[in-house]
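Colleague: Residue numbers (the numbering used here), protein chains in the order written: chain A, 1 to 345; chain B, 1 to 345; chain C, 1 to 345; chain D, 1 to 345.
Keep in mind the hints are simulated off the structure, nothing from the lab.
Just so you know, even glycine gets a beta-carbon here, dropped at the ideal spot from N, CA and C.
Heads up, some of the hints might be wrong.
Here are the simulated DSS-like cross-link-like pairs (lysine-lysine), alpha carbons at most 25 Å apart as the crow flies [as the list claims (entries may be wrong)]: (1) 108/D x 123/B; (2) 123/C x 108/A; (3) 304/C x 342/C; (4) 108/C x 123/A; (5) 123/C x 312/A; (6) 304/A x 342/A; (7) 312/D x 312/B; (8) 108/B x 47/D; (9) 312/D x 123/B; (10) 312/B x 108/B; (11) 123/A x 329/C; (12) 194/B x 47/B.
Pairwise CB distance ranges, derived in the manner of DEER restraints [said to hold, decoys possible]: (13) 224/A x 106/D: 23 to 33 Å; (14) 314/B x 223/A: 48 to 58 Å; (15) 124/C x 224/A: 49 to 59 Å.
Computed list of chain D residues with no C-beta within reach of chain C, every gap over 12 Å [stated by the list, open to error]: (16) 26; (17) 271; (18) 292; (19) 296; (20) 298.
4 protein chains.
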Amino acid sequence: MLHFECDYACGAADVVLRALMDTNNEQHCGYSEDEICGRARKLILEKCDAPDSHVHFVVGGTQANLMVIAAMLRPFEGVLCAETGHINVHETGAIEATGHKVLPLPQKNGKICAAQVREAYEKHIADSSFEHIVRPGMVYVSHPTELGTLYTRQELQELSDTCHELGLPLFVDGARLGYGLAAMPEVDLPFLAKVCDAFYIGGTKVGLLFGEAIVLKSDDIHRYFRYHIKQRGGMLAKGRLLGVQFEAILKNDDYVNLSRTANQYAQEIKQAFVNHGCELFSDTAANQVFPIVPVSVCEKLGEKYAFTEWEKLDSERIAARFVTNVTTKREEVDALLSDIEKAFA
Amino acid sequence: MLHFECDYACGAADVVLRALMDTNNEQHCGYSEDEICGRARKLILEKCDAPDSHVHFVVGGTQANLMVIAAMLRPFEGVLCAETGHINVHETGAIEATGHKVLPLPQKNGKICAAQVREAYEKHIADSSFEHIVRPGMVYVSHPTELGTLYTRQELQELSDTCHELGLPLFVDGARLGYGLAAMPEVDLPFLAKVCDAFYIGGTKVGLLFGEAIVLKSDDIHRYFRYHIKQRGGMLAKGRLLGVQFEAILKNDDYVNLSRTANQYAQEIKQAFVNHGCELFSDTAANQVFPIVPVSVCEKLGEKYAFTEWEKLDSERIAARFVTNVTTKREEVDALLSDIEKAFA
Amino acid sequence: MLHFECDYACGAADVVLRALMDTNNEQHCGYSEDEICGRARKLILEKCDAPDSHVHFVVGGTQANLMVIAAMLRPFEGVLCAETGHINVHETGAIEATGHKVLPLPQKNGKICAAQVREAYEKHIADSSFEHIVRPGMVYVSHPTELGTLYTRQELQELSDTCHELGLPLFVDGARLGYGLAAMPEVDLPFLAKVCDAFYIGGTKVGLLFGEAIVLKSDDIHRYFRYHIKQRGGMLAKGRLLGVQFEAILKNDDYVNLSRTANQYAQEIKQAFVNHGCELFSDTAANQVFPIVPVSVCEKLGEKYAFTEWEKLDSERIAARFVTNVTTKREEVDALLSDIEKAFA
Amino acid sequence: MLHFECDYACGAADVVLRALMDTNNEQHCGYSEDEICGRARKLILEKCDAPDSHVHFVVGGTQANLMVIAAMLRPFEGVLCAETGHINVHETGAIEATGHKVLPLPQKNGKICAAQVREAYEKHIADSSFEHIVRPGMVYVSHPTELGTLYTRQELQELSDTCHELGLPLFVDGARLGYGLAAMPEVDLPFLAKVCDAFYIGGTKVGLLFGEAIVLKSDDIHRYFRYHIKQRGGMLAKGRLLGVQFEAILKNDDYVNLSRTANQYAQEIKQAFVNHGCELFSDTAANQVFPIVPVSVCEKLGEKYAFTEWEKLDSERIAARFVTNVTTKREEVDALLSDIEKAFA
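Model the full structure from these sequences, guided by the hints.
Modeller: This is how it looks when you write it as structure tokens:
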């Protein structure tokens with residue numbers, strides 16, 4: 001079975017695994033206070049061109065989301081996000097478990113826009129019962145989104161401008177950020193570091209065994225953030241593992257370069273379906289593709305390939321999701337492409 | 001600098017690292033639902049002689065503690081533990097962040113006893129204002145304890161009997177369980193699986209890169225436990241990493257065998273201090289030793305060795321903690337033993 | 001200014017105030033453990049024909065909602081409700097502050113139906129990522145709803161049947177229950193006590209100074225419910241005040257009888273608008289009416305009357321809400337009716 | 001049975017009840033936004049000589065405590081208090097239910113001192129694992145304390161100075177403040193408003209049916225405090241009831257004057273026991289007295305009087321608590337005094 005159902009069915013990228021092996025016999029103090037983590041933080045801030053920002057490492061994306069959001073909101077505040085946002089639908093209420101309401105907004109291609117944020121905020125302020133209603137306290141978007149799409153530089157700039165005018169921190173979930181950086185270079189790390197109050201550079205889905213690097217702009221949030229990490233169970237004892245992995249994948253730009261190849265593979269898979277007349281449930285440029293596939297083709301492919309049945313549209317068509325990642329091999333893609341041809345034959 | 005300040009300054013045990021390398025190119029479905037995790041779960045239950053129990057893997061100890069406790073308590077219930085218990089003093093209020101009060105009891109050698117549990121429970125029931133007071137809802141102990149000591153089989157049996165008579169689940173934090181199993185064989189896995197409602201087999205401090213294996217007795221707690229894991233941010237995407245590591249260290253009994261050597265090293269270190277007339281802050285048989293050391297000796301050793309200043313007793317004496325682990329090398333111990341001699345010379 | 005904007009701009013109904021005066025010099029033990037509360041509980045269970053159920057008094061509706069829901073759900077569960085449900089929109093995230101997600105369903109006339117509950121439940125169970133999604137754990141409806149409408153006996157029976165088939169407790173928010181009982185006698189207290197796992201008899205909006213009487217079916221939820229009340233700050237020290245008020249309004253059926261008059265007044269107000277060609281934003285039979293009123297009329301009426309601008313529909317029309325209550329006087333209604341005529345003249 | 005076991009077995013003081021009757025037929029907007037509440041707030045700030053502070057009304061003391069504390073702390077912070085503090089022992093974990101740990105300090109006569117606060121704070125800062133430990137974030141004291149004792153002006157000044165030097169808000173629980181003001185005039189409202197960041201003027205135990213008036217110094221905490229009140233279920237719909245009662249008892253200084261009489265009665269009761277050789281469990285000047293009474297005397301008195309068995313000291317002696325309140329009558333005290341004589345005869 002070849003796995004295209006997600007970007008975490010694999011191990012680590014070679015460069016990451018090698019770094020883990022090479023440093024395994026070293027001794028370092030715990031909890032990411034070691035020098036390797038120090039170097040990795042410095043490297044990230046350099047790549048972000050944000051010397052005054054701060055980096056914290058955690059193990060996974062749900063952790064990153066709940067810690068940043070719980071650190072930024074006051075008890076009566078909620079977080080605005082797309083109705084399809086990961087925090088709204090796929091984290092078992094992790095945000096609510098910290099006491100905060102997720103405030104979903106209608107999405108378009110998995111995205112929300114600045115005007116929606118303004119409308120939600122102003123509606124709250126204008127309501128005579130405003131104190132009886134959860135206050136919008138920040139904004140969460142994913143880049144790439146849960147539908148594989150990307151915000152343009154302009155869209156993010158407008159979100160950022162509106163958020164800051166209204167006093168709402170902007171937080172970007174970058175669980176798949178590598179694929180986004182590769183697919184849309186105009187949204188690069190320095191730009192994200194400038195327009196966001198917090199974002200994270202996803203590692204788990206981009207070649208690490210695990211790990212997310214949170215970049216924080218606020219000195220005050222940073223100052224106490226390690227308390228949050230520990231309290232929420234996210235403080236890795238052998239914290240150097242996070243530094244080792246991020247340094248390994250970032251130092252020679254493998255993070256973006258390997259992602260670019262994965263995107264290319266995904267686009268080839270997408271094109272194979274399109275060539276057979278398939279429509280797209282969501283048209284994407286990064287590592288997730290969503291062809292609408294006849295049930296019969298799904299059944300044939302399902303014998304050898306794992307992929308996601310995103311949504312059953314009707315008795316004959318399934319919106320499928322195929323995902324590549326930085327460890328996907330040329331021959332795996334070729335096998336799939338070949339079997340797509342056969343399935344439609 | 002050689003690190004004896006904790007048991008997580010190192011990488012993985014060789015057998016664990018090798019297994020990670022050997023399986024890195026495999027593809028497996030995510031979230032610990034793969035076959036390797038399946039095998040590791042089976043292996044653990046066999047070693048526990050508990051075919052009806054259940055195993056869940058999480059990344060770290062604070063996660064394990066907060067998830068088990070939040071899953072077992074009702075909102076108005078608290079958890080009884082030693083005042084020195086990790087959940088009471090070193091987890092930044094992780095339990096309280098899930099809404100539950102930690103109910104500390106006076107400790108003796110880091111331990112609490114059955115009579116204290118009974119007294120606390122009965123005091124609550126007898127109080128005419130009982131509904132105004134947090135209800136004791138379960139019991140947490142660590143084995144080995146935070147002071148490096150061990151519960152005897154009889155002590156645990158009595159705790160278990162009392163807990164079950166009173167309807168209080170018993171939960172054992174086994175973050176350092178390997179060292180405990182090696183140092184006190186009468187408390188073995190089948191015994192723990194029998195007397196506890198939940199316990200975990202600590203991996204992070206016993207040779208894994210990270211990971212704890214929670215063993216649950218209750219079918220009902222088990223049935224929904226993965227919801228808790230996800231909600232609290234503990235669901236590792238590349239979950240097979242947990243299965244790989246636990247299988248590697250458990251299958252040939254390295255978990256206990258390597259721990260035994262680490263204990264032996266720690267006892268040699270302890271004896272070196274005792275030979276120079278040092279008293280012990282806490283007398284232990286496992287991998288943590290607590291000699292009371294003259295400040296001048298601490299200063300000399302501190303130039304080459306990292307260890308913990310557990311408590312400054314007065315201007316001349318420090319209760320120090322030296323910790324070994326399954327990756328500690330003979331030559332590292334020898335170097336320390338030699339330098340202890342020199343420091344006292 | 002005459003107040004028709006809500007049902008809590010008034011004091012207590014005469015019969016309630018008198019009872020408070022008559023008992024003021026009595027001494028009773030605190031926290032609703034006195035004999036008056038005992039009598040009131042007994043009276044309520046008799047009226048509910050539910051000798052095996054249990055009654056708890058709290059001060060307000062948000063308290064009742066958050067306590068019942070937090071007592072009934074496990075940490076990873078959420079509560080299904082209409083998107084317009086009070087807990088979803090007008091309680092500042094009180095449910096989320098206890099750690100639980102509110103799971104909104106599309107509403108029709110402020111109501112949800114059994115089929116929607118089943119669909120939400122089955123969609124969750126069928127999702128392969130179900131453990132990553134908040135589990136529907138109970139159902140919340142309001143009767144009367146936030147739009148002033150009423151569930152029929154059959155609708156509630158179907159909701160109840162579906163809930164119990166699926167293992168979901170059904171909870172009815174009866175903040176305005178008196179008006180509902182008067183307007184739709186087929187949904188009476190014995191019926192509610194039979195089909196609901198929990199509901200409350202609202203006092204604050206039906207003639208009491210404050211107070212809600214929660215009726216619980218489950219022995220287990222009841223057994224520990226006072227812990228919840230205390231923990232959430234809802235345990236009234238002079239608890240007899242709740243018993244005094246509920247006994248006073250219930251013993252001679254004033255609760256329903258006075259509500260019937262209030263409903264009648266509200267219907268007269270509704271009819272006055274309809275007579276002038278106004279449509280209804282929501283057509284109701286109880287004490288809240290929602291005529292769609294020309295802005296010019298709203299402005300004239302606004303000089304002497306307080307009412308709610310529920311929604312501004314366009315530049316010329318406002319969906320207004322006029323509310324009566326058990327203390328509303330004939331002459332107040334007559335004044336309003338007369339001024340409606342003038343405003344349209 | 002005459003009730004001396006607490007100060008909430010009674011109804012309202014006459015002046016309060018009369019005001020409730022006199023205003024019952026008035027109509028006012030809800031949620032304490034009416035003009036009576038406005039007047040009451042103004043009156044309180046005048047009596048506090050604190051024109052820049054802010055007043056919020058809530059129904060009960062546990063509500064006041066949990067709202068103020070949850071509003072003031074960040075998620076990883078806890079509240080320092082005496083081990084006997086109400087929030088630590090008699091609120092069913094209400095503070096923990098908002099996510100915060102209560103950090104108990106050893107008490108002396110129910111009190112803590114500035115040096116203890118400094119020590120706890122500095123110990124935290126100095127700990128190398130400080131981020132693994134709950135951060136002291138504010139200080140809670142009760143005045144009068146749970147043992148009926150009073151802080152002197154100097155003690156409070158020192159607490160305040162230390163708190164503010166360390167950046168810790170100081171919060172005074174004034175559930176029985178009237179009795180404290182009467183017994184120790186040097187700690188008056190203007191002084192409290194000056195040295196505290198928040199305190200409340202207790203109404204429930206001092207002649208109101210219910211209600212506490214929270215005085216906040218911080219503009220920022222005030223600005224959003226009504227969101228907290230609503231979220232925690234403390235927003236009274238008929239909010240004018242709180243304004244009516246506080247205005248009634250405060251405007252002619254009945255709050256202090258009636259308390260003074262109650263204190264006098266309590267002291268007479270205390271003296272009666274002392275005259276018969278009883279020692280005091282806690283020596284107090286306000287409305288709670290704690291004589292150590294022979295079991296036989298307790299049994300005789302228990303036939304006609306309710307009082308609290310605070311602690312059973314041994315088989316022959318009980319530390320009893322007798323409590324008076326602003327509605328206690330001369331003849332009730334005389335009856336008790338007379339029966340004390342008989343019980344010892």
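Colleague: Residue 314/B and residue 223/A, beta-carbon distance inside 48 to 58 Å?
Modeller: violated, 34 Å
Colleague: Under the criterion that the straight-line Cα-Cα distance not exceed 25 Å, is the pair residue 123/C, residue 108/A satisfied?
Modeller: At roughly 23 Å apart (the allowed maximum being 25 Å), residue 108/A and residue 123/C satisfy the hint.
Colleague: For residue 312/B and residue 108/B, compute the direct alpha-carbon distance and say whether it is at most 25 Å.
Modeller: holds, 20 Å
Colleague: Taken at face value, is the distance from the CA of residue 123/B to the CA of residue 108/D at most 25 Å?
Modeller: holds, 23 Å
Colleague: Within 25 Å, alpha carbon to alpha carbon, are residue 304/A and residue 342/A?
Modeller: holds, 12 Å
Colleague: Is the nearest CB of chain C more than 12 Å from the CB of residue 292/D?
Modeller: holds, 24 Å
Colleague: Is the Cβ of residue 26/D more than 12 Å away from each Cβ in chain C?
Modeller: Violated, because the least Cβ-Cβ distance between residue 26/D and chain C comes to about 7 Å, which does not exceed 12 Å.
Colleague: Compute the least Cβ-Cβ separation between residue 296/D and chain C, then decide whether it is above 12 Å.
Modeller: It holds; residue 296/D is separated from chain C by about 24 Å at its closest Cβ, greater than 12 Å.
Colleague: Would the pair residue 123/A and residue 329/C pass a check requiring their Cα atoms to be no farther apart than 25 Å?
Modeller: violated, 35 Å
Colleague: Please work out if residue 304/C and residue 342/C have their alpha carbons no farther apart than 25 Å.
Modeller: Cα-Cα ~12 Å, so holds.
Colleague: Holds or violated: are the alpha carbons of residue 194/B and residue 47/B at most 25 Å from each other?
Modeller: It holds: about 12 Å lies between the C-alpha atoms, which stays within 25 Å.
Colleague: Would residue 298/D pass as off the interface with chain C, using Cβ distances and a cut of 12 Å?
Modeller: With a cut-off of 12 Å, residue 298/D remains clear of chain C, as the shortest Cβ separation is near 18 Å.
Violated hints for the displayed structure, listed by number in ascending order: 7, 8, 11, 14, 15, 16.
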